[in-house]
Amino acid sequence: MPNRIVSNIQNIGHRVIESVWRLGVASRFFILVLLKSGTSLRRFNLVIRELYFTGVLSLIIIVVSGLFVGMVLGLQGYETLQKYGSESAVGTLVALSLVRELGPVVAALLFASRAGSAITAEIGLMKATEQLAAMGMMAVDPIARVVAPRFWAGVISMPFLAAIFSVMGVFGGYLVTVVFIGVDEGSFWSQMQSAVDFRFDILNGFIKSCFFGVAVTAIAVFEGYDAPPTAEGVSGATTRTVVTSSLVILGLDFILTAFMFRGVG
Amino acid sequence: MQRTTMDLWVGLFVVTGVIALMILSLKVGNLNVYNPSQSYVITGNFENIGGLKVRAPVKGAGVVVGRVTDIQFSTQTYDAIVTMSLDSRFTFPKDTFASILTSGLLGEQYIGLAAGGDDVMLKDGDKVMKTNSAMVLEELIGRFLFDKAAKDDSL
Numbered sequence: 001m002p003n004r005i006v007s008n009i010q011n012i013g014h015r016v017i018e019s020v021w022r023l024g025v026a027s028r029f030f031i032l033v034l035l036k037s038g039t040s041l042r043r044f045n046l047v048i049r050e051l052y053f054t055g056v057l058s059l060i061i062i063v064v065s066g067l068f069v070g071m072v073l074g075l076q077g078y079e080t081l082q083k084y085g086s087e088s089a090v091g092t093l094v095a096l097s098l099v100r101e102l103g104p105v106v107a108a109l110l111f112a113s114r115a116g117s118a119i120t121a122e123i124g125l126m127k128a129t130e131q132l133a134a135m136g137m138m139a140v141d142p143i144a145r146v147v148a149p150r151f152w153a154g155v156i157s158m159p160f161l162a163a164i165f166s167v168m169g170v171f172g173g174y175l176v177t178v179v180f181i182g183v184d185e186g187s188f189w190s191q192m193q194s195a196v197d198f199r200f201d202i203l204n205g206f207i208k209s210c211f212f213g214v215a216v217t218a219i220a221v222f223e224g225y226d227a228p229p230t231a232e233g234v235s236g237a238t239t240r241t242v243v244t245s246s247l248v249i250l251g252l253d254f255i256l257t258a259f260m261f262r263g264v265g
Numbered sequence: 266m267q268r269t270t271m272d273l274w275v276g277l278f279v280v281t282g283v284i285a286l287m288i289l290s291l292k293v294g295n296l297n298v299y300n301p302s303q304s305y306v307i308t309g310n311f312e313n314i315g316g317l318k319v320r321a322p323v324k325g326a327g328v329v330v331g332r333v334t335d336i337q338f339s340t341q342t343y344d345a346i347v348t349m350s351l352d353s354r355f356t357f358p359k360d361t362f363a364s365i366l367t368s369g370l371l372g373e374q375y376i377g378l379a380a381g382g383d384d385v386m387l388k389d390g391d392k393v394m395k396t397n398s399a400m401v402l403e404e405l406i407g408r409f410l411f412d413k414a415a416k417d418d419s420l
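Residue numbers (the numbering used here), protein chains in the order written: chain A, 1 to 265; chain B, 266 to 420.
Treat the hints loosely; a few may be bogus.
[What the hints assert, rightly or not] One-sided and incomplete, this derived list gives chain B residues near chain A with beta-carbon spacing under 8 Å:
1. Met271
2. Val275
3. Ala285
4. Leu289
5. Ser290
6. Phe411
Since the hints were derived computationally from the structure, they do not count as laboratory data.
None of the values given here were measured: they were computed from a predicted structure.
By construction, the Cβ of each residue, glycine as well, lies at the ideal position given by its N, Cα and C atoms.
Can you make the complete structure from the sequences, with help from the hints?
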């Protein structure tokens with residue numbers, strides 16, 4: 001019996017050491033990507049190709065889900081606010097919740113599962129089929145040629161995707177509450193405009209989405225590069241990308257919100 | 266896929282993103298989009314503005330006719346100078362009464378304009394002479410208690 005307890009504790013210790021070690025490897029990899037990103041910024045065509053795959057192809061899911069999230073927010077908000085006779089505040093509700101939270105967070109979650117997983121699978125498969133090793137043989141640095149362009153494309157496209165998500169959400173809320181239900185259009189916009197502040201709401205939401213972009217793509221490229229070169233390893237790495245980046249997005253969101261909106265009305 | 270097609274799509278994507286950011290700051294956040302050519306500015310001194318904020322609506326008979334553009338504290342008269350920008354379609358007589366009101370029980374505060382009977386209209390830069398301060402709950406209760414105490418004494 002004591003043997004089993006000891007081995008359990010050993011197990012816990014092993015896991016903790018393993019995860020701390022992995023975090024260290026990930027941080028060193030992240031710094032390495034930053035150091036070697038000069039090539040991808042000089043040969044910007046590499047980044048543009050990746051921008052197409054991560055940004056443009058994510059547009060449809062971002063636009064459609066933004067529209068629906070906004071429409072649901074409008075419906076639910078109207079349902080509750082109408083009880084207090086302040087249904088014209090639904091514009092404020094939709095805009096503030098989208099710009100501050102839902103825009104950056106939901107767009108980042110969608111981005112992680114749409115583009116992050118693709119990045120991991122692509123890099124992981126390149127490693128499994130020894131394409132990365134072949135590049136190394138030809139004196140082409142795989143981090144500079146394969147990883148860095150994908151990283152920068154993700155970082156660039158994330159804020160744009162979050163902004164498009166928020167705009168589509170506001171439009172969806174407008175569509176449901178003003179066009180279908182018949183809330184007064186003037187008070188919808190004017191209450192929204194008097195409540196949403198450029199510095200505190202829109203700029204902070206933008207900063208959040210930049211942080212999420214860095215976090216999601218850093219995790220995605222690391223998991224892909226670190227994946228065991230087997231079919232199983234690649235699939236596991238893809239799953240880990242989605243799970244880890246979702247958790248990191250939510251945790252980071254709490255930390256950023258605590259810093260940004262402390263003491264702000 | 267062709268290089269040029271890809272470039273086109275990425276360009277469109279970036280342009281859409283920038284437009285979305287512009288819409289967010291201009292339409293949703295209302296970053297300086299007031300057109301001053303079609304409005305005129307009047308000021309009013311209020312003893313107490315309560316919770317009135319910049320960009321609060323100015324209403325005449327409940328209809329929004331303008332917005333509060335600036336609130337300053339005057340060290341000469343020790344009251345608040347509220348600057349309002351009104352739509353030039355709506356003109357008000359010189360003896361218009363401006364009071365700070367609250368929309369609903371818990372709603373935001375706004376300025377209500379009640380037109381007077383003067384023939385001369387308010388012009389750009391004019392000052393509203395008749396103002397009514399915001400209701401402050403503590404003052405109301407204080408006045409009520411004071412009245413009650415005075416009444417009890419006289420009995």
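Okay, the hints, checked on the actual structure:
{"no.": "1", "hint": "Met271", "verdict": "5 Å, holds"}
{"no.": "2", "hint": "Val275", "verdict": "5 Å, holds"}
{"no.": "3", "hint": "Ala285", "verdict": "4 Å, holds"}
{"no.": "4", "hint": "Leu289", "verdict": "5 Å, holds"}
{"no.": "5", "hint": "Ser290", "verdict": "5 Å, holds"}
{"no.": "6", "hint": "Phe411", "verdict": "33 Å, violated"}
Consistency with the previously given hints fails for number 6 only.
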